Amino acid sequence: MVTATQERPAARIANAAPAGAIGARLTIEAVSHAFDIRGAALPVLDRVGLAVEPGGFVALLGPSGCGKSTLLRLIAGLEPPDEGRIAVDGRRVDGPDPSRLLVFQDPTLYPWRTVRGNVALGLEAQGVGSRRAARIEAALRLVALDGFADVYPHQLSGGMAQRAALARALVNEPRLLLLDEPLGKLDALTRLAMQAEILHLWQEKRFTALLVTHDVEEALVLAERVIVLGDRPAAIRADIRVDRPYPRHRDDPELVRLRREILGILGQPT
Amino acid sequence: MRNLTGSALFAGALPRAASLPDLPRALPWSGLAAAAAWLALAGATLALPESGDFPRTGSLATGAGLLGLALLPASLLASRLGRAGARLRHGSPWVAALALGLLAWELVTAKFELLPMPFFPPPQAILEVFLDDWPKLGGSILNSLKLLAGGYAIGAALGFALGVAIGSSRAVGYWAHPVLRFVGPLPATAWLPLAFFVFPSSWSASTFLVALATGFPVTVLTWSGVAGVNKAYFDVARTLGASPAFLVLRVAIPAALPHVFVGLFMGLGGSFAVLVVAEMLGVKSGLGWYLQWAQGWAAYANMYAALIVMALMCSGLITLLFRLRDRVLSWQKGLVQW
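So the sequence lines, in the order shown, correspond to chains V and Y. The letter at position 123 of the first sequence is residue 123 when you use our numbering, and the numbering goes up by one with no holes. Heads up, our numbering is the position in the second sequence plus 270, with the first residue counted as 1.
Warning: the hint list may mix true and false statements.
Stated by the list, open to error - Here are a few chain Y residues that face chain V, going by a calculated C-beta distance under 7 Å:
#1 S474
#2 D505
#3 L510
Read the hints as simulated data drawn from the structure, not as lab findings. Quantities reported herein were computed from a predicted structural model and do not represent experimental measurements. Glycine included, each C-beta is placed from N, C-alpha and C at the ideal position.
Please take these sequences and the hints and turn them into a complete structure.
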C-alpha cells in the first residue's frame with residue numbers, strides 16, 4: 001500500500017538535518033518501578049535492563065498490563081524511575097525532551113487544532129514554529145496527509161489520525177521514537193498498511209525505534225530484536241534476534257518458528 | 271482508504287432542502303395567509319368602535335395594513351428572492367400567527383373590553399409608548415447595556431483568570447476553593463444592601479453585583495474545564511518540549527473553552543437578574559428603573575413596552591454569545607443551536 005519507489009520529499013528533510021542526526025543509543029540499567037495505589041505499592045517493573053544500538057528497531061512484547069507502557073513513559077522522561085538508570089547516548093534521562101518522542105495508542109490529537117496545527121505543535125512549543133513551516137508541510141507529505149492539512153481531527157479516520165500523530169512526532173526529527181501500541185486500535189487492514197509505513201519511515205529516517213505491542217506477528221515483522229516481558233512485575237524473559245531481511249512476510253518459515261517459540265515463552269498454546 | 275474518508279468528509283454537506291417538496295408553481299399559502307391576517311388586523315382596528323381614547327389606533331391600523339400589503343407581492347415572488355425569500359417562506363406561519371395574536375389581543379382589550387383596562391392595554395397603547403416615549407426608553411436601554419457590559423466584562427475576565435489559576439495551580443486551589451464554596455452559592459442579590467452602602471455610588475455597587483453574578487459560574491466552569499483536560503494532552507505537549515506557560519495557555523485553556531462558554535452563558539443569565547433588581551432598587555436609570563417607574567405611575571403600557579424591549583435585549587445578547595461561541599469553537603461538532 002505504501003510504495004517505497006514513490007518520490008518522497010522526506011529526502012530533503014534528511015539532507016537539511018545535521019549529518020549526525022540519526023538514532024540515539026538507549027541504555028536501561030536495572031530499572032524497577034512501582035505504582036502507588038491508595039498507599040500500597042504495586043510493582044510493575046522488576047530490574048529491567050536493556051541496551052539498544054543507535055538506529056535499532058526493538059519490540060517489547062508482553063501481556064497487557066505488564067508494565068511495557070510504563071517503561072516507555074520512563075524513557076520518555078514523563079516520570080522518573082523508582083530505581084535504576086535510563087540513559088540516552090550516555091546522558092541520564094531526567095525529563096521529557098523532543099529528541100525522544102512517544103506515540104500513544106490513542107492519537108491524542110488536539111481537537112481544536114487542524115491537522116497542520118497539531119503537527120506544528122512541537123515546533124511551536126520549542127518556539128521555532130514560524131521558521132520551520134516547510135518542515136511541517138514535508139512531514140504532512142511524508143505520511144500522505146498533505147491533502148488534509150486544514151481538516152479538524154474529528155473528521156479523520158482512525159488510521160489517518162494515527163498518521164497525523166506520527167507526523168507530529170517526526171516533524172521534530174526525534175532520535176528515539178517510542179511507539180506505545182500505536183496500531184492497537186486500528187482495523188486489521190489499516191494496521192497492515194501502517195506497519196509498512198512505520199517500517200518505511202524508520203528505514204528512511206534511521207531513528208532508534210522502540211515498539212510496545214502485544215501482537216507477536218507485528219513485533220516479528222517490524223523489529224530486529226524482540227524482547228519478551230513476563231507478567232507483572234515485568235522482567236525480561238527472552239531477547240530474540242530476528243535476522244531476516246525487510247520487507248518480511250508473515251508466512252516466512254523462520255518467523256513462523258519464532259512466533260511459536262515466543263508464544264511458548266508467554267505460556268500460550270501454539 | 272483516503273477516498274472513502276474523503277467522501278465521508280463531505281457527506282455532511284448534502285443539501286438538506288432536498289427532502290422538501292419542490293413546488294415552484296404552487297401558491298405560497300402560508301405567505302398569503304400572513305398577508306391576510308395583517309390586513310384583517312388593520313381592518314378590525316379601523317372599523318370596530320373602541321371604548322377609550324387611543325391616539326395611535328390609526329398608526330397601528332396603517333402599520334398592519336402596509337405590512338399586509340407588502341407581504342402579498344413578497345410572498346408571491348418569494349421563490350425569486352433568493353435567501354430572503356426562503357427566510358420569508360420559512361417564517362410566514364409565524365408572521366401570520368403574530369398578526370392573529372395581535373388581533374385577538376386587540377379584540378379582548380380595546381374593542382370588547384373583556385380584560386380590565388388599565389392593567390391590560392391594547393396593542394396601540396404599547397405602540398404609543400414606542401412612538402412617543404422612545405427617548406426615555408432608548409436611554410434606559412443604553413444605561414442598562416452600559417452597566418451590564420461593565421459588570422459582565424469584569425466578572426467574566428476575573429472569573430476566567432481565577433478559574434484557570436485554580437485549575438492549574440495547587441496552591442491557588444487550596445486557598446480559593448473553600449472561599450468559592452462558601453461564598454459562591456450565595457445569590458448575588460443578597461449582597462445588594464451591603465453593596466449599596468460599601469460602594470461610593472449605586473452605579474459601582476451594581477457593577478460589582480453584576481460582576482459577582484457573572485464571575486461565580488464562569489470561575490467554576492473554567493476551573494472544571496481546566497481540571498478535566500485529558501491528561502494525555504499534557505503528556506503530548508511535555509514530550510514535545512512545552513514550557514509550563516505553554517501547557518496552560520496553549521493546552522489547558524483551549525481544551526477548557528467549551529466549559530468556559532457554558533459558564534459565560536450561565537453568567538449572562540445571572541447577570542440579567544441582578545441587573546434588573548439593582549436598577550429597581552438603587553440605580554436611577556436603566557430598564558429595571560423604567561419598569562419600576564412605570565408601575566409607580568400605573569403606566570402599564572410603558573411596563574409592557576419595557577418588558578418587550580428587555581426580552582429583545584436579553585435574547586439578542588444570548589444570541590451574540592452563541593454566535594461568538596460558534597466562531598471560537600468551530601472545531602467542535604454537535605453544537606446546540608440557539
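Exercise. For the hint on D505 of chain Y, just tell me whether its beta-carbon gets within less than 7 Å of chain V.
Key: holds, 6 Å
Quiz item: Does S474 of chain Y pass the interface check with chain V, least Cβ-Cβ distance below 7 Å?
Solution: violated, 37 Å
Quiz item: How about L510 of chain Y: closest beta carbon in chain V under 7 Å, or not?
Solution: holds, 4 Å
Hint compliance for this structure: hint 1 is the single one not met.
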